[in-house]
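Modelling step: build the complete structure from the supplied sequences, incorporating the hints.
Protein chains: 2
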Amino acid sequence: MAVRKRRVAVLSPVAWRTPPQHYGAWETVASNISEGLVARGWDVTLFATANSLTAAHLHAVVDKGYEEDRSVDPKVAEYLHISEAFEHAGEFDLIHSHYDFMALAFSRLVRTPVLTTVHGFSSPQIMPAYEKYRDGYFVSVSDSDRAPRLNYLATVYNGIDMSLYPFQPTTIGDSLVFLGRIHPDKGVHLAIEVARKSGRSLIIAGILQDLSYFEDQIKPHIDGFKISYVGPVNVAEKNALFAQASALLHMNTIPERFGLVLAEANCAGVPVIAMDLGSCREVIEDGQTGFLVNNVEEAAAALGRLPQIDRRACRKRVSDRFSISTMVQAYERVYATIFALEEK
Amino acid sequence: MAVRKRRVAVLSPVAWRTPPQHYGAWETVASNISEGLVARGWDVTLFATANSLTAAHLHAVVDKGYEEDRSVDPKVAEYLHISEAFEHAGEFDLIHSHYDFMALAFSRLVRTPVLTTVHGFSSPQIMPAYEKYRDGYFVSVSDSDRAPRLNYLATVYNGIDMSLYPFQPTTIGDSLVFLGRIHPDKGVHLAIEVARKSGRSLIIAGILQDLSYFEDQIKPHIDGFKISYVGPVNVAEKNALFAQASALLHMNTIPERFGLVLAEANCAGVPVIAMDLGSCREVIEDGQTGFLVNNVEEAAAALGRLPQIDRRACRKRVSDRFSISTMVQAYERVYATIFALEEK
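From first to last, the protein sequence lines stand for chains P and F.
Per this note's numbering, residue 392 is the first one in the first sequence, and the count goes up by one each step.
Per this note's numbering, residue 392 is the first one in the second sequence, and the count goes up by one each step.
All clues given are correct.
Same chains, same label: a pair holds when it works inside one copy or across any pair of copies.
Straight-line alpha carbon distances no greater than 30 Å define the calculated DSS-like cross-link-like pairs of lysine-lysine that follow:
1. 466 to 455
2. 523 to 466
3. 707 to 629
Hints were generated in silico from the structure; no laboratory data involved.
What follows is the structure in C-alpha cells.
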C-alpha cells in the first residue's frame, strides 16, 4: 500500500536565524529537527527567518531575526510569522511548534494538529496560556522541566549535530570554559569563584544578556589572563575553546531546562561540571561524563577528579542520547502517536 | 419576513477596563459602540476585561487591564484575549475589532468577517502587518489618519456619551485647561508657553506617560497657582475642569488621530484651541467651535477671540457629528455594507 508522505511544518522562532549564527537554542533545535526529518525522508516546511539555511522548504515572511535587525518590531514579526504558518495549516499533517504559548493561541483555529515542544517556561505569568491549552500535544525537553497538567506525550531530549563538534581525545590546554548567556541564571559569577579557588584559568564566552550583571559582577574579574571574556562564539570558535578546555563549568543558579551546551561539550569529549539543578543530571552522568555539584566548593573539589573521566565516554553518551537521529526518531514516535489519535 | 437578529462581537483592548476609569481612548470608543448598538437593539458580545461594565454580553478571560494590574503579562493577556474571541467567531455575524494589527493576524483563520477600526498607527514598524491584511475591512476615525492601500469602507468619527458632559452655558473661571497624556506628542510644554505668554492660568490633567518629559519640561513650571497639575481625572473631575475653563488648549506636536477630548470639551460648551495637525480640523470648526492654530503665538492671539465663540454651537457640533447615536448609525451602515458583500 502506498502511503502518502506526511507533511510537517516546523515553526521556528524568529528571534534569530535558523540555525542561529551564535546564540539561539530554540532555533538550533528547530533546525536540527528539520534537517533530521528531511534526512529521514519527511516532507518538511520550515517557517523561519528568510536568511535561514535548510534542506527543508523554507517559508518566510520575516527577513532577519528581530534580535539581529533592530528595525523590526518583535511583536509585529511574531504575529506575522506565526499567523502565516497557521494560515497554511491546511497544507500540513502536523504543525510542530517551537513558538511557546503564542502559537498555542492559534492552535484551536485550525484542524491540523499542533505539537508544541516546550523549550522552557520563561515566567510564571505565561502559565495561564499553557493552562488554557493544556489538552494540546506537548513534548518536554527534559523530565525535570515539566508543568503540571499539560498533556505531555513524551520527553524528547534535544539532539545536536555531532559532526559540528568533533571528538578531541586530549586537551591542548588546561582552562575551564564557561559557555552561555551572561546572566545571573547561568552563574557566571560562580564559575569565576571556582576558577579563583582552584587557581585555574577561565575563558568566558557568550552573549551579554544582562549588562548590569556583567558590569558589576563579571567585568571587574576579567584580567585577560586568568579570567578572560571572548564574547559570543560561533561553532568553530566553540571547538577552539573545547580544545583548550579541561572542563566546561556550568554553575547554573536556577534549574536548567535542557542545557544544550553540556551535550556539545561532551560531544567534543570535554567533561562537564554542572550544578545539580533541573535537567543537568539527565544530560550529565555523574562520575562518567562529568560531575554534578551543589556549590562552588564541590565544583572546585571535582576539578581534582577530572582525570577519572574518560573523554570517549562523554562522546558516547551524546551519541546514544543526544544525537539528531536519536531525537528525530523519538519525534517520529510522537508524531505517529498524534496521527493515530487524530485518525480515531 | 422575520429577520434574525445579527450578532456582533466587539473586541476591546485589555489595557484598561471598558469603559476605562481614567485614560483609555480605545476602550472608551469600544464601550460607546457596544452600548450604542445594544440601545438600538443589536445582539452584542463585548470581549473586554472581566471588570468591564456593559449592557452587552460580557465575555472575559482577563480579570483586569494589564495597565492596572502589574501581575499580568500584557503579551499573555493579549494573546489569550484575542484568541478567545476568534475561537468563538462562529457565534457571530461580525467581529468588530479595536485590537490593532494583533487581531488581524487571526482574521484569516475564521469565516466570520472582521471589521477593524484603526484607532491609530502607533509606529511605522506595524505597517507590514496592515499591508498584509489590507484587503480586510477597515474604518478610519478621521479622514486624516489613513494609511495608503487599506480597504477602508468609511471614516466613522468617534462618538462620545453626551450625557457625561452636560452643557455648561458659562464658565465660572477663566483658566486654560490641558487634558491628555503627559507626553511630548501632546505638546503640554507648548500649552505652558501659551499660558505664560497670555498671563492666563493653566490646569494640566492626565496620566504621566513620559516621566522624563514631565520631570524636565513640565514640573519646573508647576507653581500650583498659574500652572498646576492635577493628575489623571475621571469624568466628574473633567466636568469640574470644564466648568473653570475658558478654553481647552490642545497643542499637539504630531497629527492628531481623532482627539476625543476636543469633542468632550465642545460637548460641555468649552471652546478648543488646537494645533492644525491631523484630525483637529475635522473635529473643530475653525472660528465656530474653537480655533485652529499653527504655533504658540497664534494660540495666544486666539485667546483674545474666544468671546466670538458661541458655546451652544460647540455643543451642537458634537450633537450633529460626534454623538454615540451618530457614530453607531454610521457603523450600522458599514456593517450593512459588509453583510451585503459577504452574502454575494
